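Chains as they are written, first to last, in my numbering: chain A, 1 to 180; chain B, 1 to 359.
For the record, the hints were derived by calculation from the structure and aren't laboratory data.
Remember, predicted model here, so these are calculated numbers, not experimental data.
Treat the hints with care, since some could be wrong.
Claimed, not checked - Simulated coverage check for chain B against chain A, where a stretch passes if three residues somewhere in it have a Cβ under 8 Å from a Cβ of chain A:
#	region
1	2-15
2	46-53
3	161-169
4	186-195
5	229-241
6	305-319
Note that the Cβ used here is the ideal one computed from N, Cα and C, for glycine as well.
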Amino acid sequence: MFSKKFTLVLAICLLVPFGLRLISSKLEPYPALLFPSGDKQVQVPLDSPVPNYRYSDLYGFTPEKGWVNIDEESFISPIPRNYLSFILENKKGLFSENSDIEVKNQPSSKPIKNFLMRNQEKKLSKDERKEIAEFFKQKLISQGFDSTRLKIVEYQVVSYPQTSKVDLSILSEEIINFDE
Amino acid sequence: MNRLNQLFWRRVKESTQMPLQSLVVLRILTGLFFLIIYSPFFFWIGEVPQVFFYPPILSLANLFSGFPPAYFFYVLDILITLALLGVTLGYKAKFSGIAASLLLFIGFNWQYSMGKIDHNILLLTFLGLMSFSGWGTKAALVPDTPEPEGRKEKVTSLLAVLLCFGMFSAGFLKAYVWIDFDPTMNGFLRWYYSGLYGKETDYFLIKYLQELPFWWLDIMDYGGVVFELSPFLFLLLGRKSWRLWLLGATLFHLMNLLILNIPFTPSFIIYLTFLNLKGLYPKVEQLFAKKTNRQIFVGLIVLLGINRFLYSFSIPFSYFEFLKQRDVIMYLALILWVSAACLFARDIWKLSFSQSDPT
Chain A
1 MFSKKFTLVL AICLLVPFGL RLISSKLEPY PALLFPSGDK QVQVPLDSPV
51 PNYRYSDLYG FTPEKGWVNI DEESFISPIP RNYLSFILEN KKGLFSENSD
101 IEVKNQPSSK PIKNFLMRNQ EKKLSKDERK EIAEFFKQKL ISQGFDSTRL
151 KIVEYQVVSY PQTSKVDLSI LSEEIINFDE
Chain B
1 MNRLNQLFWR RVKESTQMPL QSLVVLRILT GLFFLIIYSP FFFWIGEVPQ
51 VFFYPPILSL ANLFSGFPPA YFFYVLDILI TLALLGVTLG YKAKFSGIAA
101 SLLLFIGFNW QYSMGKIDHN ILLLTFLGLM SFSGWGTKAA LVPDTPEPEG
151 RKEKVTSLLA VLLCFGMFSA GFLKAYVWID FDPTMNGFLR WYYSGLYGKE
201 TDYFLIKYLQ ELPFWWLDIM DYGGVVFELS PFLFLLLGRK SWRLWLLGAT
251 LFHLMNLLIL NIPFTPSFII YLTFLNLKGL YPKVEQLFAK KTNRQIFVGL
301 IVLLGINRFL YSFSIPFSYF EFLKQRDVIM YLALILWVSA ACLFARDIWK
351 LSFSQSDPT
């Protein structure tokens, strides 16, 4: 079958990416033979209600109905819907003019790190903001919403013991104005 | 050390070796799986604003500063379709399989440059790896030259080891965090909430989990970890125990589908590698032996390829419009996992009562 040398090389090829992901999920290479880990936990409501999960929802505005839940699949289309939360998380300055993402490229120091991180730490230009605003405005229009406004609501799920009953409380609301 | 290495691979080989006829049937099923059920497309990436470009730091895509132009993805989709047709029809299946695997790697590298990596990598590796098994040497339009003696055993052994390692990579961190003997914290429940609220999915049994007593949650956590860390052990224990683990894997995916609504269909065809499909070989052989049968089969497969073209170019009447609906994905996954569980159970039953190994 396989030689000792082959087994050793195989082990290195498998274990190095695995080790990198153990250090940080951001260091997970692609391609690498890794399966999803998903090791995070939440609190269990054993004998009293507990706040144990947070998620965000998007709302569009219509003059007749006010704020209405957006169909996220069409909103982010053609990108798969499960990428939406990652896009919003990774591109925190996507909707904000005063983005806290700064250009960290300093040519004189750590050139390799700067090169590897240049796509992740890139500050959005005015044109790019315009492009993204236009992309989402079209999506809002296609669902019959006012194209100038989008609301992001972060919810807290409060779970109760031994029942499917949950309470939702609003943690934060942010209205994005695309025409500003 | 050398002895230990030989012993390890010998045990793996004994657990995983399959007859060539079974792998030939698997080649056709793999082609159909990619052409119908799990058919990746990349043309849509051409429409994604460059602002969304956020590749993994350590990836080929990070050598670039943005997505390639739209035509790149159209060409990619066309080449993938041709390669998949080659695999299914056995037109230089080895070359076609390797090409399909590499092209899919390229496409997914760009798809995963939006801040998220989906972990279907073993499916692409499977396609490339199995191309060296000799699965294109029979029941093929242009058969491959036979592989050297022992090559297919090497291929199936390596695939099994990669599958076991993939499972280990998923279970290792979970074991560290989830095995905490603390009933107030739970990992399975987080997967459940992300399905219910994050993905807003409500198929099958997802609504009823919270009505179960909470000690069930700990069973899910510990059971999941044991299952994901155990395949190497089952693989080394022998042929029957490896099939038992695979049966467990199909039930694990079925449970994930029913309770968490995670379909994870890519694993289906990988598990099928270790199911003896030799019984279907005479039918597959007939498809290629008679001219009329061959013409009808080629015609149908080419139609599937044309269907992929239609979808790539957003021309109506492609069945992918139907297959990509969430309801269809869920119920198709249900059919696949129930079928896989039944097939593995039947295989183990046969293995238990037959005097000799069916391979």
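Checked hints:
| no. | hint | verdict |
| --- | --- | --- |
| 1 | 2-15 | holds (count 8) |
| 2 | 46-53 | holds (count 7) |
| 3 | 161-169 | holds (count 6) |
| 4 | 186-195 | holds (count 7) |
| 5 | 229-241 | violated (count 0) |
| 6 | 305-319 | violated (count 0) |
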